[in-house]
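> What follows is the residue order along each chain.
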Amino acid sequence: MTESSFLPLTKKLFAKTFIALTLLCLWPSLPAQAVEVKKVVSPSGLEAWLVEDHRNPIISLDLLFRGGSTLDPEGKEGLARMVAGLIDEGSGPLDSQAFQKELEDRAIKLGFSANGESFTGGLQTLTEERDRAFEMLHLALTEARFDAEPVERIRGQILTALQRDSEDPQSILAEAWWQHLFPDHAYGRSFDGTEDGIKAITVKDMKAFTKQRFAKNNLIISVAGDITTEDLAVLLDKTFASLPETAQDWTLPKTTPQSAGKTLLIKRDMPQSMARFGHAGLQRSDPDWWPAYTLNYILGGGGFVSRLMEEVREKRGLAYSVYSYLYPLDSSALWIGGVATQNKRLKESLEVIRQEWTDMAENGPTEQELKDAKTYLTGSFPLRLTSTDSLARTLTSMQRYELGMDYIDRRKEKIDAVTLEDLKKVARRLLQPEDLTVMIIGAPEDLDVDGVLEATTLK
Amino acid sequence: MPIQTLGSYVLQKSLEISAPLKWIASFFIGFLLFFFFLAQSQAAVFAPKSFELKNGMQVLLLENDRVPVVTHMVWYKVGAADEPPGKSGIAHFLEHLMFKGTDDIAAGEFSKIVARNGGRDNAFTSWDYTAYHQTIAADRLALVMKMEADRMTDLQLSDPVVLPERDVILEERNARIDTDPSAQLGEAMRAALYQNHPYGIPIIGWRHEMETLSTDDAMAFYRNWYRPENAILIVAGDVSWDVFKPLAEKYYGQIPNPPKSSTAQRARPQEPAPLVARALAFASDQVKSPTWRRHYLAPTLTSQGKEHALALQVLTTLFCEGATSRLYRALQVEQKTTSAVGCYYNPDSRDKTAFSFYAVPSPNLGQDPEKALDAVESALETQIALLKEKGPTEEEVNRAKKRLKAEAIYARDDLATGARILGTVLASGGSLESVETWPEAIGQVTQTQVHDAALAIFKEEASVTGRLLPKPKTP
Chain A
1 MTESSFLPLT KKLFAKTFIA LTLLCLWPSL PAQAVEVKKV VSPSGLEAWL VEDHRNPIIS
61 LDLLFRGGST LDPEGKEGLA RMVAGLIDEG SGPLDSQAFQ KELEDRAIKL GFSANGESFT
121 GGLQTLTEER DRAFEMLHLA LTEARFDAEP VERIRGQILT ALQRDSEDPQ SILAEAWWQH
181 LFPDHAYGRS FDGTEDGIKA ITVKDMKAFT KQRFAKNNLI ISVAGDITTE DLAVLLDKTF
241 ASLPETAQDW TLPKTTPQSA GKTLLIKRDM PQSMARFGHA GLQRSDPDWW PAYTLNYILG
301 GGGFVSRLME EVREKRGLAY SVYSYLYPLD SSALWIGGVA TQNKRLKESL EVIRQEWTDM
361 AENGPTEQEL KDAKTYLTGS FPLRLTSTDS LARTLTSMQR YELGMDYIDR RKEKIDAVTL
421 EDLKKVARRL LQPEDLTVMI IGAPEDLDVD GVLEATTLK
Chain B
460 MPIQTLGSYV LQKSLEISAP LKWIASFFIG FLLFFFFLAQ SQAAVFAPKS FELKNGMQVL
520 LLENDRVPVV THMVWYKVGA ADEPPGKSGI AHFLEHLMFK GTDDIAAGEF SKIVARNGGR
580 DNAFTSWDYT AYHQTIAADR LALVMKMEAD RMTDLQLSDP VVLPERDVIL EERNARIDTD
640 PSAQLGEAMR AALYQNHPYG IPIIGWRHEM ETLSTDDAMA FYRNWYRPEN AILIVAGDVS
700 WDVFKPLAEK YYGQIPNPPK SSTAQRARPQ EPAPLVARAL AFASDQVKSP TWRRHYLAPT
760 LTSQGKEHAL ALQVLTTLFC EGATSRLYRA LQVEQKTTSA VGCYYNPDSR DKTAFSFYAV
820 PSPNLGQDPE KALDAVESAL ETQIALLKEK GPTEEEVNRA KKRLKAEAIY ARDDLATGAR
880 ILGTVLASGG SLESVETWPE AIGQVTQTQV HDAALAIFKE EASVTGRLLP KPKTP
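Chains A and B are the protein sequences, given in the same order.
For the first sequence, the positions run 1 to 459 when the numbering used here is used.
For the second sequence, the positions run 460 to 934 when the numbering used here is used.
Okay, chain B solo, but in the shape it has when bound (with noise of 0.2 Å):
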């Protein structure tokens, strides 16, 4: 299932309710997906606040006053794409490591102590970024500046705890991937986009290199990533900018940033040019109904061909998102070619991301899976060399400004949004000030500019094409 393959786009440290796994992984995905189309339709909406303090931390208040509760966020600029070679998944293990204890709160008392004030607390890991949140009523904001600073340099970790906990990491890949062939697929295609980038690599680690995760391996990712110049401050809530900027500084200006490794860069290695279409097919008995996906190499709003990005968001909403979009309009409606059909796009990620297309083919193709994904495949590709030669009409692309841009004010309306959009955008080295201006910018958008972007991504050689079967029945 497409939308699986974001079930790794972000990991967090525990699930949010007590539901079952399944269905809590879906309902949090559904949510990924719905902040990251808003997170490309924000725009001055938010008005943040923001200054540095002296040791380069970054802070920003979003003041909202409907009830009397923060949400307060550390967004550190690391993420898995940023981790040694040999050593993925010490990202996101380190993420649960930092509920281990400091000098002075001990292993498992954060969560404890954030519960016990009427809060909830959780952390999560991407890629490009790894960041730590809690909600709490708005009186109690300096308790949990408090911690969180405590434990951006103070964290203790021994084996004792650090082992009982790499097996859960190792619970949490066997119930996201090794459990669902098709996260299983979704896991492959990537590893088969990126032929370069640490992209390709999960967040949640290899398991032969995560059953190696060390204590030292744990200490030296933080030691070099978790300091106040590689961090941002977000809250959004009820606090004036009177109480909240002393608070910042009492509590984050304090600290210094402890020496580092000379090798931690943040300089990973680029895609070169693809040559070769690649494509995959994973057979599996726990399969019944055929799916195909496809990924395309694209840009981002900070990557190489970043002047793509903004079109591209509107070629989203305007080729396959929806209703009436040209996709299902066209496979699903009129020719009943697909039960379901799609695409996603974020771009919102550091370096080149995937424009990603589903499809499920319908009943009616016949009882060969092949040969169903076959016409799915030639129904979508008819339609994208459509798009790419004669482009979006001038109505599609107004429609689609449109919805976007009513996006931003809906953003405005959950406390925690806000926080979650910048703090994605700024921890993947985007500007403040491109949120801020992004409904200008959607809007400026042109007809001419998103037939480009068409023609610039939908190139075979830089796609991935992967077919989830059923295997066939051994007599």
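One chain only, chain A, in its complex shape (with noise of 0.2 Å):
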């Protein structure tokens, strides 16, 4: 897939990490058998987790290499993206064009995306075309050719997207979010590349990169559809077993968010102002994750059903989308959650939210509410697997968190297992009313903030 797409490309690491949590944490109660996970190992002892089936002649795998833009060098912001943008633009003996025409008249679907913490790929064929498909992957991370036509014309489209995004409300949040939030740290830094960074990349960097970055140590693989475990074996050798065996280092050092309870705004004038709020919140590895997240989900993460939606949408007609959702990081987390109001009646939204955000601290949810989440979380997991891509998507997110081959059993007793102690200890340990970070673009009236930020100022 080529930048030539012109979907907002937003701060990339939001999204992406936000689709791989939803996955895993609305995941319910399937019967083991409806879904067999098989791991496969290739003759030279490369793994990936295999969901077959055979209805559809159709093929999907998902790839996930550890580390993503935050590694990105000082001076070269973006690095990440533009070789995203440009493995799938000639490799080995195919110029920009015949690879791009190759997998369109073979109706491969192949492309790659850099977020926060990792760099993506998803290949989808037609069974007739598989063995092809599998090569042209291989080609794409191998022998990336980085010829100075397509360099130039996605480095010109990241330009263009990144001017866009400078001028889109949402990004210009999410951005200053970032750099208030982490001032010091990877994460403070733009996920999706600056001006500077990406005019600065060379084609060396991006070769180096493509040795440094994908390796075996970092590399996970899953795939679904019409395959069987002896096929995909021999051709994961062929696709992966010439790739370095190590990585260079992904990790990053461990960092707490400053928020210290600031109300921050950026001023533009629109009829409607766009809030962001929250602090620190818990890894994916933490043992309340999942109190932790089936608060999240009766507090502002259940759609129609949450309690901030219930005060801000359906009693008070405030706003059309409010929300609060969990985001852990490798190396950091947090608790966070949006609205957007008309600017007279922001700060009503505001006050309710935070007075939702203390309730829940304080009293906890109710016994129906814990009944009520468990039954959604427990029983929506099926919902998520009804395609070959979203399977193999959520295979690589149950290898990336290290959550085991019978995760899927396990989910449901561990929700199962949660209590309503558990829930009030777990909301008096992390939320935290007065250390909200609440920041705002628009123009809001009559609300007293603690600081204005210029937005021109902003990467």
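Some clues are possibly wrong.
[Stated by the list, open to error] Computed far set for chain A versus chain B, every beta-carbon distance over 10 Å:
#, residue
1, S242
2, D249
3, L252
4, S331
5, E402
6, D422
7, R428
8, D448
9, L453
[Claimed, not checked] Computed list of lysine-lysine pairs in DSSO-like fashion (alpha-carbon distance at most 30 Å, straight line):
#, chain 1, residue 1, chain 2, residue 2
10, B, K571, A, K347
11, B, K830, B, K747
12, B, K747, A, K344
Since the hints were derived computationally from the structure, they do not count as laboratory data.
For clarity, every value in this text was computed on a predicted model and none was experimentally measured.
Where is the CB? At the ideal position from N, CA and C, for every residue including glycine.
Got two chains here, separate frames each, mind docking them using the hints?
Structure, rendered in structure tokens:
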């Protein structure tokens, strides 16, 4: 997939991580026999998780290299994103147009994406083109050409996309948010690249990237669809065995978000103000994960049925959308939310949200809310497994967070075991209304703020 | 941003998941683009079973046993283009209000019951249709059928629940249109493209009319259009025909068609033959990089001029979709005139639609946005002229047809895709057969037909050009 897509490019870490977590967290009680997860080991020792499904002649592969754009060198912000845009733009004997033409003519879908903490790829093919599809994936990962024409074209596309982001209020808000909460950490830098960084990236940088960041020890492979374990084992070696054993270290120093209860405003002349609020959260490996996840569902994660939705939208008509979610990172964690309300009533929205945050911290949820949350969280899992690509992405999340092949069964037990006391305890531990950082873009009326940020100074 | 024009193509009751609004919106739009692309590419792949209930409601089942889940959808053949004059937004407003309760279910309870049973639900409104859907464990199908059937004729509305929801749709308008200059230009371009047809009115509605929508307006619209003879039930998933058919008869077959107002006709004013090209420019201080867009009024599979619709799908694919399409290759790869260029065309609307182009000038065209857009416009028009003069090559046509047909196989992968495609086509006035025979029909499109389609639609007088520009700095 090239950068020709015209969709606004958002803070990718934000989006992608969120999808992955949603997959994991909305995981209910699927009978294990409905989806059988197999571990495939190739002759050379490469591993992949597979769900066989021969109903349609389609195969979906999802891959993830640990380490993402937060590792981009100083002055080269956007390197991972450039590489993602270019490794399917000419590889081995094929130049950019030849590579893209062959993908199109064989109806092979191949694309890469750089996220904050990972570099991901997706391959989808009809069974009849399977072997060539895997060869083209191999070429993209190991023999990308970085010819001058596509390099300059993709560079131009990314620069245009960055400029577009710099016009978009939600993107401006996201950028400022991360800078403010992580002023001295890679999380505070732009995940999507900067104009200066993108302009400074050379072919040498990108070639070095592919050598240092694509390796066997940071690679996760997941497959779903019309392929057997035997066939996949052979293709794994052909596709990935030539990668180096070891990738550049991808770990970041642990950090805590700087959230000291400030309300900050980015002034912009528009009829609605958009706000983001949050403070520290908890990591995916935290023993309190499931109580916190369940609690968030009740507070603001549950679509139409959350407390925030009930109070802000249903009762008062203050917003079309209001929500909260847990945002664990590899080296930190946030609990955040968002709302958009007309300027005149934003103050009221924020007061209601703060009130709900406080009430939940002090009193926790009710027994009925817990019961309803459990039936939703355990019952809705199969809804996520309705296509081979969503299955493959789900397997990648399971591997990434080291949840185990029996996770599907164990997850229900974990959620069913959560008690009201657990939720109250985690609410007291994590929900800290006085720590909430609130960042707003717009022209809110009668709102006291602790500081005004200049949008123009943002990267 | 051109894609944002599609932002109002379908409005949904609520965001699917809780993430930043813009991101979700674009995700959803992206999904729709993909989906409409697929919608052009379906065939006997879905092989639905279907029948009609005694009250006239159409029923379809797409069996799929991958996971023990069903997607249950009810589509009403009514949308924003069927609203009474002065009541813009009422179709979408009613869609929100359908969650406000019946005699049996209290306001807001519908979604809670679905969630409590491990399911998800939502709804969406287009110019041509309104649909309600739940995805849930297969053994809960009867539950959602019962609730959906209940609210088809038993909706109970009163001001205390209606008025706060009107504030919600006004916030939705703020979020989708009024904080986004690109969406504002898109709204104005549609209003200019349609000189007579209600497709020129935004689905969300014009603000001044939305502010006056009342409980009575919603109930009048509801009574006229929400009736079994005007509805389609589509279920996809892990349920057999033998189980499904009696359930459909039990829950939906018993609903009588209520009396309706004689004025409720789906006869929309049609477009006159266009005589004058239109051009709009919008400068905003929120815009930094300029964008160029153009709509051509174009036929669909069911509108006047429908003989061109299939050829237009082939044309779209070869001319402006993907990295080896003509436009991308010429403007982006060879001439380096643009940093984004493409087109979109959806043949499934009931009446004439827009064939749309978008382009972002490359930074190397210089600092003057007007001049950059002039260069882009001229480069794009040259390609259109070339296509009109010489037509596509045989190889281009064959490659495009092959790609389109492969999409028909991919479309079978996801549970809900087939249900959404069939619903869109049927609710927009298309036939099941047109979906079933689509790959064959695409296979028969000729080089000459694609050329003829280009000649038929790329006419200056049928076009609206839009320019989104940065506001000049005032000293």
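> All the hints need checking, so say for each whether the structure fits it.
Structure-based check of each hint:
1. With 10 Å as the threshold on Cβ separation, the claim that A:S242 sits away from chain B holds: the shortest Cβ distance comes to roughly 26 Å.
2. Taking the minimum C-beta to C-beta distance to chain B, about 30 Å, the non-interface status of A:D249 holds against the 10 Å cut.
3. For A:L252, the shortest C-beta to C-beta distance to chain B comes to about 23 Å, beyond the 10 Å cut-off, and the non-interface label holds.
4. Annotated as non-interface, A:S331 keeps its C-beta farther than 10 Å from every C-beta of chain B; the closest such distance is 22 Å.
5. Residue placement check: A:E402 keeps its beta carbon more than 10 Å from all beta carbons of chain B (closest about 24 Å).
6. For A:D422, the non-interface assignment is confirmed: its Cβ lies about 20 Å from the closest Cβ of chain B, beyond the 10 Å cut-off.
7. At roughly 23 Å, the least C-beta separation between A:R428 and chain B is larger than 10 Å, which holds for a residue marked as non-interface.
8. The Cβ of A:D448 lies farther than 10 Å from every Cβ of chain B, with a closest approach of about 23 Å, so its non-interface assignment holds.
9. Every Cβ of chain B is farther than 10 Å from the Cβ of A:L453; the closest lies at roughly 17 Å, confirming the non-interface assignment.
10. The straight-line distance between the Cα atoms of B:K571 and A:K347 is roughly 28 Å, inside the 30 Å bound, and the hint therefore holds.
11. Proximity of B:K830 to B:K747 is assessed by CA-CA distance (about 15 Å); at most 30 Å being required, the pair is judged to hold.
12. For a cut-off of 30 Å, the pair hint linking B:K747 to A:K344 stands: about 28 Å separates their Cα positions.
Of the numbered hints stated above, none is contradicted by the structure.
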